[in-house]
Amino acid sequence: MKFKKYISAIFTALFCFCATSAAAFADTAENASKAPFNVGRSILIAVVAGVVIALIVTLTMKSKLKTVRPNNSAREFIKKGSLDLRVNRDTFLYRRVERTAKQQDTQR
Amino acid sequence: MSDLQEYKCPCCNGAVKFDSSLQKMKCPYCDAEYEMSVLQSYDEDLNSAPEESMEWESVSNSDWGGEQAEGLRSYVCQSCGGEIIADETTGASECPYCGNPVVMKGQFSGELKPDIVIPFKFDKAAAEAALKQHYKGKKLLPKAFRDQNRIEEIKGVYVPFWLFNADADANIHYKATKVRTWDDGNYHCKETSYYSIVRAGKLSFENVSVNGSTKLAADLTESVEPFDASEAAAFQTAFLSGYLADKYDITSEQSEPRANERIKRGVEQEFRSTVTGYDTVNEQNTSIRLENGKVRYALYPLWILSTTWNGERYTFAMNGQTGKFVGNLPMDKGAFFRWLFGLALGIGALVFLLCFLFWLI
Chain A
-8 MKFKKYISAI FTALFCFCAT SAAAFADTAE NASKAPFNVG RSILIAVVAG VVIALIVTLT
52 MKSKLKTVRP NNSAREFIKK GSLDLRVNRD TFLYRRVERT AKQQDTQR
Chain B
358 MSDLQEYKCP CCNGAVKFDS SLQKMKCPYC DAEYEMSVLQ SYDEDLNSAP EESMEWESVS
418 NSDWGGEQAE GLRSYVCQSC GGEIIADETT GASECPYCGN PVVMKGQFSG ELKPDIVIPF
478 KFDKAAAEAA LKQHYKGKKL LPKAFRDQNR IEEIKGVYVP FWLFNADADA NIHYKATKVR
538 TWDDGNYHCK ETSYYSIVRA GKLSFENVSV NGSTKLAADL TESVEPFDAS EAAAFQTAFL
598 SGYLADKYDI TSEQSEPRAN ERIKRGVEQE FRSTVTGYDT VNEQNTSIRL ENGKVRYALY
658 PLWILSTTWN GERYTFAMNG QTGKFVGNLP MDKGAFFRWL FGLALGIGAL VFLLCFLFWL
718 I
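Line order of the protein sequences matches chains A and B.
This note's numbering puts the first residue of the first sequence at -8, with every later residue one more than the last.
This note's numbering puts the first residue of the second sequence at 358, with every later residue one more than the last.
It is worth saying that the hints were derived from the structure and are not from the lab.
Hints may contain errors.
Unchecked claim - Computed list of lysine-lysine pairs in DSS-like fashion (alpha-carbon distance at most 25 Å, straight line): (1) B:Lys478 - B:Lys572; (2) A:Lys57 - B:Lys500; (3) A:Lys71 - B:Lys651; (4) A:Lys57 - B:Lys481; (5) B:Lys489 - A:Lys55; (6) B:Lys470 - B:Lys690; (7) B:Lys547 - B:Lys535; (8) B:Lys681 - A:Lys53; (9) B:Lys512 - B:Lys381; (10) B:Lys478 - B:Lys690; (11) B:Lys512 - B:Lys365; (12) B:Lys512 - B:Lys481; (13) A:Lys55 - B:Lys496; (14) A:Lys53 - B:Lys690; (15) B:Lys512 - A:Lys57.
Let the sequences and hints guide you as you build the complete structure.
Now the structure itself:
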């Protein structure tokens, strides 16, 4: 349990260090020619990605606790090799084409 | 004639039970082993329907009231003379006084005789080990549940099932599309092709099982499927010795809607799997007809484990033939949010670092 707290603290410190370093580094002369590093946007992307991925992982862990489910299909009771298709027909009906004009970028 | 059947060892007269590891009858007192056929003679009197007996033995100093007695039956243990009270569907049990396994003859005789039975292959120790294994890897399981939890009850039960065999003749129509996109100069182009699809044919189903007892939830019994009916044996009451067993209280007619629903869904899924290569597929019309329908009555083995924690009852089940173990577990909400926060923070830090590295490049 303590180990997990340490890991959590390390990741928090890493996050803050990255944000601070990025902001400081972005101000150096070497990177003056580039567009400045957008710390705010990067933090937003990081937070959204972090929450979404963390939710996926924790909800997957939660679903493993529930193993009792009704089995609504009898597919596993199908006699092997018993499928006999007497009609197997795919018929083309019609085609529709949609064309959408691309947005033109106008430079002023 | 007694309503109970007890299997006595010809060697020492102890109560023999079915041993799942040997797949034979074994005496726990003298270790003598017997093939099932040796005890077949015990079943001779099952060929004729038993005499109905609704006599109630009055318990000393008290009488069962009309409502209390409803649904209960009373038997007398042949070994110790103790009174065994069981509900009207109980087919095998043990004497609460001397622990001898008993089989209620009338419950599985005549028209009530099961067609097949799948013997137990896993014993009680395997069920307990499976429960411990079930707890492993569950990071959100409360630690207190794992450490302090005691199993209150483990019982090997032969559960009544109705097995449905049928040939399904189906005719299914679908509408499907294929989509193609490309850029053409100043335009985004999207071409959608529409198709009409027909699949018609036959499909056979074997041993589609439907729970025949109200004592166990249907979703619990369906979760431990499948059972391999090819390993089933012709029914003999000797298989029940040492285990609990119930006769059905849901009839085959009452089970038909569930069987039909499962077969219909199975047909739809199997036919749908033959429609490939499309971006979207929608079912338009389904027609399914069942032919050559047959129903059989079977007893399938299940280990049922129960426990109570924080006022809630948790029931686990293990397939007595395959060892498949299921059971819902509680969740530690604190652990859930700790994992969520910790992962969000860690992944967020990594993504931020990646954004910075991309900017550098």
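Here's how the hints hold up against the structure:
A hinted pair counts as satisfied when its Cα atoms are at most 25 Å apart, and lysine 478 of chain B with lysine 572 of chain B qualifies at roughly 23 Å. As the CA atoms of lysine 57 of chain A and lysine 500 of chain B are separated by approximately 17 Å, the hinted pair is consistent with the 25 Å bound. This hinted pair checks out: lysine 71 of chain A and lysine 651 of chain B have alpha carbons roughly 18 Å apart, not beyond 25 Å. For the given pair, lysine 57 of chain A sits about 23 Å from lysine 481 of chain B by alpha-carbon distance, which is consistent with the 25 Å threshold.
Only pairs whose Cα atoms come within 25 Å are accepted, and lysine 489 of chain B paired with lysine 55 of chain A is accepted, the gap being roughly 15 Å. Simply put, lysine 470 of chain B and lysine 690 of chain B have alpha-carbon atoms about 49 Å apart, too far for the 25 Å limit, and the pair is violated. Between lysine 547 of chain B and lysine 535 of chain B the alpha-carbon distance is near 10 Å, which keeps this suggested pair within the 25 Å criterion. Between the alpha carbons of lysine 681 of chain B and lysine 53 of chain A the distance comes to roughly 20 Å, so the proposed pair stays at or under 25 Å and holds.
Between lysine 512 of chain B and lysine 381 of chain B, the direct Cα distance comes to roughly 19 Å. Compliance with the 25 Å bound is thereby established for this hinted pair. Straight-line distance between C-alpha atoms of lysine 478 of chain B and lysine 690 of chain B comes to about 38 Å, which puts the hinted pair past the 25 Å bound. Between lysine 512 of chain B and lysine 365 of chain B, the direct Cα distance comes to roughly 22 Å. Compliance with the 25 Å bound is thereby established for this hinted pair. For a cut-off of 25 Å, the pair hint linking lysine 512 of chain B to lysine 481 of chain B stands: about 8 Å separates their Cα positions.
Only pairs whose Cα atoms come within 25 Å are accepted, and lysine 55 of chain A paired with lysine 496 of chain B is accepted, the gap being roughly 9 Å. Proximity of lysine 53 of chain A to lysine 690 of chain B is assessed by CA-CA distance (about 10 Å); at most 25 Å being required, the pair is judged to hold. With a C-alpha separation of about 22 Å, the suggested pair lysine 512 of chain B and lysine 57 of chain A falls inside the 25 Å cut-off, and the hint holds.
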